[in-house]
Each structure stands twice: as structure tokens, then as C-alpha cells.
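J.: Chains as they are written, first to last, in our numbering: chain H, 1 to 248; chain Y, 1001 to 1303; chain V, 2001 to 2335.
For the record, the hints were derived by calculation from the structure and aren't laboratory data.
Remember, it's a predicted structure, so these values are computed and weren't measured experimentally.
Beta carbons are placed, not taken as given, at the ideal position from N, Cα and C, and that holds for glycine.
Keep in mind that a hint or two might mislead.
[What the hints assert, rightly or not] Which stretches of chain V does chain Y cover? Using the computed rule of at least three CB atoms under 8 Å from a CB of chain Y, they are:
1. 2083 to 2095
2. 2113 to 2125
3. 2216 to 2223
4. 2284 to 2293
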Amino acid sequence: MTPAPVLQTRGLVAGYERDLPIVHGIDFALGAGELVAILGPNGAGKSTFVKAIAGLVPIHAGTVSLGDVDATEVPPHEKVRHGLAFVPQTENVFATLSIADNMRLAADILPAGERDPRIHRIYGLFPDLADRSSRRAGALSGGQRQMLAIARALIVEPSVLILDEPSAGLSPKIVGEVFERLRGIKRSGVSIILVEQNVKAALAVADRAVILVEGKLRHEGTAAGLADDPLVAELYLGARRVHQATPA
Amino acid sequence: MNPQALMDGLIAGATIGLGAVGITLTYSILRFANFAHGEFIAWGAYFALAAAGLLGATFGALSAPIAPFSFGWALPLAAVAAVALNGALALVVDALLFKRLRARNSTVIIMVMASFGAALTLRNLLEFTFTGKPQYYTSALQIAVRLGGGIRATPDQLLSLVVALLVVLAVHLLLTRTAIGRAMRAVSENPQLAGLAGVNVRQVIRIVWVLGAGLAAVAGVIAGLLIQIRPEMGLDLLLPLFAAAILGGIGSVPGAMIAGLIIGLSEALAVAAVGAQWRAAVSFVILVAVLLIRPQGLFGRAE
Amino acid sequence: MSLELLSYAAFFLTMALSFAIICLGLNVQWGQTGVFNVGVSGFVAIGAYVSALVTTPQTTDHFGGFGLPIAVGWIAAALGSGVVSFLIGAVTIRLRADYLAIATFGVAVAVQLCALNLEPLTGGPFGISFIPRPFGDLAGSPLTFSLLNLAVLVVLVGGLYFILQRLARSPWGRVLRAIREDETAALALGKNVTMFRLQAFALGGGIMGLAGAVQGHFIGFIAPDNYQPILTFQVWAMLIVGGSGNNRGAILGAIVVWGIWAASAAAIGGLVPAGEQARAATLQIVVIGVALCLILLLRPRGILGELRVVSRHLDARPPRAGGVPTGKLRDAENS
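Construct the entire structure; sequences and hints are all you get.
T.: Encoded structure:
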């Protein structure tokens, strides 16, 4: 008897324009303590899918549930209070605010007494950020920004953490550090959804993975199983071929 | 150079700075140049006039001037009422007009054009209600106090200067040290990310309108007290306000205040040099200079 | 009685058409290049004063008074205003939409200030009088006079419309349209985008100056008070009401809005006792202000489409705090 999923979508249809859905009826479930990777070629709708879950993209049909709460109509700023934290791919920190203010802003939704201890605890996990806390977030390197974005998300102690292509624009070494962090976060009990283009790195940390193609969920399996699956290799290579064929 | 001109410039500059702080906040957070902000200043002045008149009529003692100032307790009380009423006015205007334009993704130009229309409406409503005749909070005369160095200032002027500076300081602390201030700065930079961080953007927008209009009310009362109350008082300030907000760097509260003081002083210098009729040209020249040389202003960030 | 009515109708239409000229000029600036000019009254004023100074008889009140023919005055007005527009544009045309709006607003304030204060040049607050009126020696027979003036304006507006339509279809007009649709592509094709936009801006400004001259000569006297922000507002209302960014709309809008203006003025004037006329006038402006806001809120599809095309490339300018289009705020506000 599997425990209830911490996050579930049923028949989710979503897109920026009413008459042009990008996500076509996706059923998806995230179990407690799982790290699930969402893979697929460019334009498959991976980002749109998770943004719809977060409330940034309009949902045309279907439902999103957080635990047993129907979160479909919940506005983004309230989803945080339900335990959902979303880290966008770009512009995921407030560049004009200091690191400290970024952290304090995230903690502002907590009860007054818990703010400072929580910030302190997260600083403990990210000593680099603690050292530079008065610097503007815009002055940080790409990797440090990614860490700050994740740190901010962790302050609210989410039950579900969604990351949209955290490896984008980062060097392989930094990618490794970020993903090591994700392992640690998973171990602490946070369930994670990881949208990624970097299939190899994603499958190395994930328990499960699903593959989106043209807005539909086409394939799923365990990370270990998919790593050897020729279909995945073809989709990955296919995505690269498509990517190289289309002019920038 | 006449040191008195410096004093006059400083006082005028404090009013401009106060108004510019309101503009820079709404500009950076609501993302459009609100040509109706000048009218919030005028409405604030008239709200206070009406409230002070009412208080004075009901409780005669409140009109009696508090030495050494020219006004009685009716005015500060009326000023508080004006701040509240102005906040309500701003919310109404937003709900009726700007919020709906935002909802349909109107371009900046439509918003500015609408604010222009709203300004015209508000200004003429004032003129219709109160006529164009200049009005005053008090008819009591003031003796200027000698401050040394050939500078004089009335107690009203000194109080206004102090109030303006304190208010701006309070706003600055609000923005940098409080949760709501952080929320406002976050919405100013990236409203979507702010929402993800748990900020209720709709509520922040309402707060910004109220804060901007409240600041405008204080500026209006000061301008009305030190000079006079007329329906065009807002329009006359509009160019200096924008010049100050842009010179200071959009989004910077200390910048707006400092820029306001600079413009006030420059106007005083210009008046001394070429005559009072050219006062308004100073803002124009400064505005063009800033836009050409350093569009991000003194404390804004170049991008 | 009906002769009077005819006279009045001719007078009304003449004024409306003079506004139509301003609208056509604004449409060149707005429709062709997306420049949001909030200082229209300034450009109109420049033209009015240039023509007045060139054509009035010599007087000690002010400089000028060359007593030249009206046609010369009008050409000088268009040129003068066009040149000033070019210079102003050279300084401001690369600014962001809202900064450009503020800058043009400043221009109008500056122009009015100069008109008010440079007394030796402009006659100061009293303005310039005795501006020669077209067919002035026929002023004795009002109907003929008004009809002839109307004819002049019809020819002028018709001619302008024709020229502007041809211009829009010319190679020059095509480049401007390309710049409007996709500035980056036009740049890539080696077109000096700024120069083209500047030319359009100057052309629009020159047309506005011509309108100022026409109005001045029609009324016979000008003063700084005639060129207040309300004028700018009226013209924008005309363009928005009638114009889907096109020239026919500009002319139509001028007539419609001027009609509403005159009708509401007459209604209020009739209903309100003499002592309250000034206050009634302010109420009229309140009504117009509300009406414009309503139009902006409930705009017909046509205008909406036009504005989107222009705004696409305006919104694409580099964002900075305060520079991001309102769309992002709306999304965050309504999600």
C-alpha cells in the first residue's frame, strides 16, 4: 500500500493562451521523499508543466493536489504556505536585494519567532552565502546564485521543491556541487521534482524519471532502468539533433 | 550669493523631494509614470483645508495658532485626515482605472495617457468645487526667525523642513528594514518571483498606492501652508517632481529626496540669477541633462 | 437665421479641421514611429508664434512684424516647428517611451514659459494681436468670409491627407513601417533607424506647427494661455477616438471630439448662469477627462490592434527597475 503522494496532477491541461495548451492532460504523482526527474526534448512542455503546478501558467483543465488539498486554484503566493517551493530557471533571486534580504524575504511568511533561527540554520548549510550576506545578489556568480535560489526555497521548509533546469548555464563542476546538494536535501525528507536537460546528471540523483514529449507524458521508469533504456538515448539524441537543426 | 536663497531653495526642495519620493515609489513598483501624482498633492492640500475648516468651525479652540506657528491643532489633525482620505482616493482611482488597464496588459503609453486623463479630471474637480481662488490654512502672520549668516526662516518653514526629512527617513527605514519594505522592493524588481516567495502582490500594490498618496498629502499640506492652495498646485509641481525622481534614480527613496533638494536649490539659484519667471525652466534643463548624460540618475542602476 | 447657422457651422468645421491638422501631425509621430508626444501644445505654439511674428505689421510690442503674406507665414511656421522638432528629437528620440513622454511634456512647459517670459520676442502674456486673417478684407460679409476660410482648410486638410497617404506608400514610408514592425531587422538591413524616426518626428512636428499658424490666423490673435496641456489632451482624445492610428481616423476624430467639446460647452453655457461660467467650464473638462478614461478602458478593437503592433517593439527595450512592461505586474497581480 503506497503512501499518498505529496503532489499529484490529474489530467492537467495548461498553457499561456486559452486556445493553445502546451500541456495536454498529464497525470503525475510525486511520492514522499522521492526525487523525480522530468525529462524530454526542447519544447516538450516540461517548464510549462511545473510552472502550471506553481501557478505561474494558467491551468485550463485538470487538478493539482498537494497532499490531500486541491491546490489548483490556489494563487502562487499561497502555494508556498502549503509547502510548495518553486525555483525558476532564470531570474530566481532578487538581484537588487542583498543575500541577507533575499533570505529575510523568504522567511517573512514564517511566524516571527521562527524567522531568525530558520535563516541561521540555512546559512549553516550554505556557509558561502553566510560569508557574503551583505552583498547584492546580483554580484554573485551563476553557481552561487543557484545556491541562493535553493537556499531561499528551503527556508520555508517545503514538502515539495521544484527546480526548473538548475544546471542551465553552469559549469560541470558547479553542476556536480548543486546536484550533490539536491541529494542532501532529498535525504532530509524533502520531495523534489527536477526538470532537466542534463539527462545524465539528473538520472544520477533521481529515483524515478518521466519523459514528456509534445506536452504528453510518454514514458516513465526508475532512474536506473531509464539510464540504460535506448528510448531515452534516442529521445536525448533526437532532442540534440532537433536543437542543432533549428537556427538559434 | 544670497544665503537666504539657499534657505528658500532648501525648503522648496524638501517639498519637491517629498513629492518625488511618492512618484519614485509608484513608478518603480507600479511601472508607469503617474502624471496624476501632482493631483494627489493638490487633493491632499484641499482635503486638509476642508478638514481643518470643519474642525475649526466645530471646535473653535483648534483654530487658535500654537505659538510660534501660524496654525492651530486643527491643521495637524486635518493633515492626518488628509493622509487617510488621500489613500482612499488613490485606491479608488486605481480600482476604477489603472487596475483595469493593468488587467488587460495595457502598454506603458496607455497607462500614462490614462493618468493624464485622470489628472485633468481630478484637477478640474478641485477647481469646480473650490474655484480657482488661492486659499490658505491660516491668516495668521509669521515673523521670520533670524538664524544667523543673514538667513531667516519662519517657524512654519523650519517645522516643514523637519517634518519632510523625518517622513522621508521613515519611508527609507520602512523600505530597508521591514518585511513590507522588502516585499515592495521585491515586487519592484520581479513581481512574479515575489509571488513565488510568498508575497501577496495585489496587497503590495494597494499599499504602494496608499503610501504614495499619503506622502503626496503631506507634501500638499506643506506646500499649502508655506505658499498657498490652488487647483494648479499639483500641475506646477509635476515637472520638478519627475525631474527629481529621475535625477535621483527611479526606485531610490534617498535619491528622490536628495534630488528634490538639489532641484530646489538650483531653482533658488536660477531665480537669483535670471529672475523668478524662469523657475520652471530649471527642472526642464536638469531633466534633459540627466536623460542625456546619466539616465539612471544618481542612485539608480545602469542596465 | 439659417445664414447664421451656416456661418456657425462653417466656423465650427474650420476649427475642427484645424485640429485635424494637428492630429495628422501627431499621427505621423505616433502611428509611424510610436513616439508618445505629450507636449503637442508646445509644437503647435511654436508654429503659431513664428507665423504671427512673420506676418504681423511692425510694432514696438515685440520683435518681428515683417508684414509678409500669410502663405509665407504658414510655410515659415511649418519649417520653424519642423526644425525645432528635429532638434528636440535628436536629443530625445532614443529615450524609453515613458521618459520620452516626460521629456516632451517638459518641452511644452518650456515653450509656454518662453512665450510668457520673452516679452520682447513674443509679446509676453498679452500675446500677439492683429494677426492677418485669410480673406480678411471680406470680414464684412460673415458668411462669405467663413465659407472661404472653410474652403482654405478643406483644401489644406485634403492636400495633407493626400500627401501623407502617398508618403506612407513611398519607399520612405515602407522603411518606417519596417522599423515599426521589427526594428532589429531594419537595423540589420543597414537602415539608419534613428534618422528615419527623427525625420518622421520632425515632419509631424512641422505639421503641428502649421496647424498652430492656421489657428492663429483664423482667430486673429494668440497668447501663451492658448497652449496649455489641455490642448495636448484634446488632440490625443481626437486621435484615440477617431484614429486606429490611421489618417482618416485622425480627421474624423478631430471633428467628432471637437463636436462633443463644442456641444458640451454650449449645453453647459446655456444651463449655467453667467456668474458660474468659469466653474462650468471646469466641469466640462471633468466630463471630457472621464470620457477619455472610459474610451481607454473600453477601446474598440481597432485601436487595440494598432497599439499592440507599435508597443511590441517598445516593450522590447532593455528593462531596468521601472522599465518592465506592466504585463509582468498584471500576471503576478492576477495569478
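J.: Indicate, hint by hint, whether the structure satisfies it.
T.: Consistency of the hints with the structure:
1. For the region 2083 to 2095 of chain V, the stated coverage by chain Y is satisfied: 3 residues place a CB nearer than 8 Å to a CB of that chain, which reaches the threshold of 3.
2. Three residues within the 8 Å Cβ limit are the bar, and the region 2113 to 2125 of chain V against chain Y gives 3, so the coverage statement holds.
3. Proximity of the region 2216 to 2223 of chain V to chain Y, defined as three or more residues with a beta carbon under 8 Å from a beta carbon of that chain, is not established by the 0 residues found.
4. Counting residues of the region 2284 to 2293 of chain V whose beta carbon lies closer than 8 Å to any beta carbon of chain Y gives 7, which meets the minimum of three for the stated coverage.
Hint compliance for this structure: hint 3 alone is broken.
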